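Novice: Protein sequence lines, in the order shown, are assigned to chains A and B.
Here the first sequence is numbered in our numbering, starting from 1 and rising by one per residue.
Here the second sequence is numbered in our numbering, starting from 1 and rising by one per residue.
Keep in mind that the hints were calculated from the coordinates and are not lab data.
Where hints are given, some of them may not hold.
Result set (DSS-like, lysine-lysine): computed pairs, CA atoms no more than 27 Å apart in a straight line [stated by the list, open to error]:
(1) Lys300/B x Lys341/A
(2) Lys300/A x Lys291/B
(3) Lys291/A x Lys341/B
(4) Lys291/B x Lys341/A
(5) Lys291/A x Lys300/B
(6) Lys300/A x Lys341/B
Derived DEER-like restraints, expressed as beta-carbon distance ranges [stated by the list, open to error]:
(7) Gly279/A x Lys341/B: 23 to 33 Å
(8) Leu174/B x Glu317/A: 14 to 24 Å
(9) Ala280/B x Glu317/A: 20 to 30 Å
(10) Gly48/B x Asp282/A: 53 to 63 Å
Examples of chain B residues lying across from chain A (beta carbon under 8 Å, computed) [what the hints assert, rightly or not]:
(11) Gln298
(12) Ser312
(13) Ile321
(14) Glu327
(15) Ala336
(16) Val347
Just so we're clear, the structure is a prediction, and the values are computed from it rather than from any experiment.
C-beta: ideal position from N, C-alpha, C; glycine also.
2 protein chains.
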Amino acid sequence: MMQIHPVILCGGSGTRLWPVSRKAVPKPFLPLVGDETLFEQAVRRVAGDDRFAPPMVVAGADHADLIMAQLGDTPGARLVVEPCARNTAPAIALAACLLPEDAVMLVCPSDHHIADRDAFLAAALAAAALARENYLVSFGIAADRPETGYGYLQRGAPLAGGYAIRRFVEKPDLARATEYLASGDYSWNGGIFAFRAGHLLAELAAYRPDMARLVAEAVKGGITDGARFHPASEPFAAIVGASIDYAVMENTARAAMVPADMGWSDIGSWAAIAEALEGAADASGNLARGKGAVDFAQCKDVLALTDGPRVSAVGLEGVCIIVQDGEVLVTTREAAQLVGKLPGALVQ
Amino acid sequence: MMQIHPVILCGGSGTRLWPVSRKAVPKPFLPLVGDETLFEQAVRRVAGDDRFAPPMVVAGADHADLIMAQLGDTPGARLVVEPCARNTAPAIALAACLLPEDAVMLVCPSDHHIADRDAFLAAALAAAALARENYLVSFGIAADRPETGYGYLQRGAPLAGGYAIRRFVEKPDLARATEYLASGDYSWNGGIFAFRAGHLLAELAAYRPDMARLVAEAVKGGITDGARFHPASEPFAAIVGASIDYAVMENTARAAMVPADMGWSDIGSWAAIAEALEGAADASGNLARGKGAVDFAQCKDVLALTDGPRVSAVGLEGVCIIVQDGEVLVTTREAAQLVGKLPGALVQ
Numbered sequence: 001m002m003q004i005h006p007v008i009l010c011g012g013s014g015t016r017l018w019p020v021s022r023k024a025v026p027k028p029f030l031p032l033v034g035d036e037t038l039f040e041q042a043v044r045r046v047a048g049d050d051r052f053a054p055p056m057v058v059a060g061a062d063h064a065d066l067i068m069a070q071l072g073d074t075p076g077a078r079l080v081v082e083p084c085a086r087n088t089a090p091a092i093a094l095a096a097c098l099l100p101e102d103a104v105m106l107v108c109p110s111d112h113h114i115a116d117r118d119a120f121l122a123a124a125l126a127a128a129a130l131a132r133e134n135y136l137v138s139f140g141i142a143a144d145r146p147e148t149g150y151g152y153l154q155r156g157a158p159l160a161g162g163y164a165i166r167r168f169v170e171k172p173d174l175a176r177a178t179e180y181l182a183s184g185d186y187s188w189n190g191g192i193f194a195f196r197a198g199h200l201l202a203e204l205a206a207y208r209p210d211m212a213r214l215v216a217e218a219v220k221g222g223i224t225d226g227a228r229f230h231p232a233s234e235p236f237a238a239i240v241g242a243s244i245d246y247a248v249m250e251n252t253a254r255a256a257m258v259p260a261d262m263g264w265s266d267i268g269s270w271a272a273i274a275e276a277l278e279g280a281a282d283a284s285g286n287l288a289r290g291k292g293a294v295d296f297a298q299c300k301d302v303l304a305l306t307d308g309p310r311v312s313a314v315g316l317e318g319v320c321i322i323v324q325d326g327e328v329l330v331t332t333r334e335a336a337q338l339v340g341k342l343p344g345a346l347v348q
Numbered sequence: 001m002m003q004i005h006p007v008i009l010c011g012g013s014g015t016r017l018w019p020v021s022r023k024a025v026p027k028p029f030l031p032l033v034g035d036e037t038l039f040e041q042a043v044r045r046v047a048g049d050d051r052f053a054p055p056m057v058v059a060g061a062d063h064a065d066l067i068m069a070q071l072g073d074t075p076g077a078r079l080v081v082e083p084c085a086r087n088t089a090p091a092i093a094l095a096a097c098l099l100p101e102d103a104v105m106l107v108c109p110s111d112h113h114i115a116d117r118d119a120f121l122a123a124a125l126a127a128a129a130l131a132r133e134n135y136l137v138s139f140g141i142a143a144d145r146p147e148t149g150y151g152y153l154q155r156g157a158p159l160a161g162g163y164a165i166r167r168f169v170e171k172p173d174l175a176r177a178t179e180y181l182a183s184g185d186y187s188w189n190g191g192i193f194a195f196r197a198g199h200l201l202a203e204l205a206a207y208r209p210d211m212a213r214l215v216a217e218a219v220k221g222g223i224t225d226g227a228r229f230h231p232a233s234e235p236f237a238a239i240v241g242a243s244i245d246y247a248v249m250e251n252t253a254r255a256a257m258v259p260a261d262m263g264w265s266d267i268g269s270w271a272a273i274a275e276a277l278e279g280a281a282d283a284s285g286n287l288a289r290g291k292g293a294v295d296f297a298q299c300k301d302v303l304a305l306t307d308g309p310r311v312s313a314v315g316l317e318g319v320c321i322i323v324q325d326g327e328v329l330v331t332t333r334e335a336a337q338l339v340g341k342l343p344g345a346l347v348q
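Same shape as in the complex, but just chain A (with noise of 0.2 Å):
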């Protein structure tokens, strides 16, 4: 049987998680659902599966000792340094050079919460499956709101375990998402992946001959260093960067998409975090968390998280409290995408 690859993509500040994501401890490694960090969660879920191989992380030097320290003892894991952040075509490049042509690589955001984990072990088999007869693979994950701020995968013609993808949408305004919503027609683009190793490679060196060739060079002169691995960084500093759905994905013939219906959450802000752990709450809806005492006088659906200092909550519907390192920040949760924008956010 061959095992599938998966790529741990570690990216993004996730400054709309402030004041508990920053910039030294973001959004990935921390444990913002359930006890373990998002990054542990993206490890376990291929882990202890002979149908998966050990995982490759890609990430940047900054936060290189946080994810050997999470990976612990993962067997074979091995750590992709990027010299700088070029998006993600490069880095996903990267592991590509650096497995059998022939691998399925099956590429996974790790600040991404997945509910159910069965749903998405039978979108990767069936996406797995379509890699291997050389499409281009996305994770069309279910839409059940009009959500503005995704791209979106409209369906083509049927494939086994999935569909051709006819057609990828930039995040539409609202009245077009609401339309997508309606027609069932179409997924939000997940940012999940599965393609064989050498054909990810073929068809950049295809659409972006500069990339393949800049990411080449920088393996072939990149040092390996116990379970790390180093790149050159000065050709892949030299790297034009873009995402693997601007750069490969929007322009190859053979995008496909498996549908994948699984509690899915990009854990975007405080909203999505309280949505994502609502099945904790009590039954009125409200979640404390953290090392802080917590009390709720006549609230509902509130989240409150403390890292020491006592919480009162009184009378509030909807709204996120959160106390860390001496921020206090209290959002609604339909304001909660806001929260990068500020001040505190912005300065960390």
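Fit chain B to the known structure of chain A by using the hints.
Specialist: Positioned in the frame of chain A, the structure of chain B alone reads:
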């Protein structure tokens, strides 16, 4: 000209203003509205005006030093230190015993806010004139909402500058309070009084002879220590406490009231503070107070007070955020009455 003798009562714990108001430094001694404390405002309100004698303050021993400090160099100020708390009637009677029989006392709580000093002074002069005619006078605060948390006074026959009191009403239910407000016949009982000292003591002796006797004994056996007077604790402790309303005002045939529309607030909750501070708020009704930074994003009518940690408020309306001494309180204005029942407020 006969001067009016201000008697300033310092009682009440103010747990509904937790976590700022605490047992050690309760509500009257905090700069909750403006730069001065409510106590300092009460003293200042009758200072520098030769129609008023120096103030006499009545308070418990716990706050004696705080009071002396906040009195500063108020000339001639005296402090009567209650041996124990026995409600307002004994406290007022102590002051009455220490004043000349003919002195007109103006009894003022120290935990209220009065925005319009001129209106207060006009009402005080009218009340003093009625007191000289041997009326026991209560300020009738202009009611502007069907408040169920206060007692009400119903007007009777007109007198010079006021009215006889037809009836005292304990805290009514909402239906009744709404009726009172609509009738225009009722005012709030604000706990501000004027009477001749000798007259008050005579009436007290009629309705509460034991209390009157024990207060007289406590004063007779008391000790003067500079500006402080310490009544004898044994007789004072033997008093069965009662409010001045219950012990005297509701019994006398000489109860009168002066109407007072003076921007009065009992600062009974964080909502009341937010209202009293409305003039200082920004165009969206938001107001930041305290030492720490505060950032508002899409907020309306939010009060944030912090003793250090930055507060970031997002998308909120009509909310008070109070950060003090390692406690974080977030309450709607509507539910702010519940603050006093919080675990934090009770166990402080």
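Novice: The structure should be examined with respect to each hint, and the outcome stated for every one.
Specialist: Evaluation of the provided hints:
Only pairs whose Cα atoms come within 27 Å are accepted, and Lys300/B paired with Lys341/A is accepted, the gap being roughly 18 Å. Distance hint between Lys300/A and Lys291/B is unfulfilled; the C-alpha atoms sit about 31 Å from each other, more than 27 Å. With a C-alpha separation of about 23 Å, the suggested pair Lys291/A and Lys341/B falls inside the 27 Å cut-off, and the hint holds. At roughly 23 Å between alpha-carbon atoms, Lys291/B and Lys341/A fall within 27 Å of each other, so this suggested pair holds.
For the proposed pair Lys291/A and Lys300/B, the alpha carbon gap of about 31 Å is over 27 Å, so the pair is violated. At most 27 Å may separate the alpha-carbon atoms for a hinted pair to count; Lys300/A and Lys341/B meet this at roughly 18 Å. Gly279/A and Lys341/B have their C-beta atoms about 29 Å apart, which keeps the hinted 23 to 33 Å range intact. At roughly 23 Å, the beta-carbon separation of Leu174/B and Glu317/A lies within the given 14 to 24 Å, and the hint holds.
The hint said 20 to 30 Å for the Cβ distance between Ala280/B and Glu317/A, and at roughly 28 Å that hint holds. Between Gly48/B and Asp282/A the CB atoms are about 56 Å apart, so this pair conforms to the stated range of 53 to 63 Å. A hinted interface residue such as Gln298/B counts as satisfied when its beta carbon comes closer than 8 Å to some beta carbon of chain A; here the least separation is about 5 Å, so the hint holds. This hint holds: Ser312/B has a C-beta 5 Å from the nearest C-beta of chain A, less than the 8 Å allowed.
Because the smallest distance between the Cβ of Ile321/B and any Cβ of chain A comes to about 6 Å, under 8 Å, the interface hint for this residue holds. Nearest Cβ of chain A to the Cβ of Glu327/B: about 5 Å, under the 8 Å cut. The hint holds. Because the beta carbon of Ala336/B sits about 7 Å from the nearest beta carbon in chain A, less than 8 Å, this interface hint is met. Given hint, Val347/B at the interface with chain A, is violated; its Cβ is 10 Å from that chain's nearest Cβ, farther than 8 Å.
Hint check: violations occur at hints 2, 5, 16; the rest are consistent with the structure.
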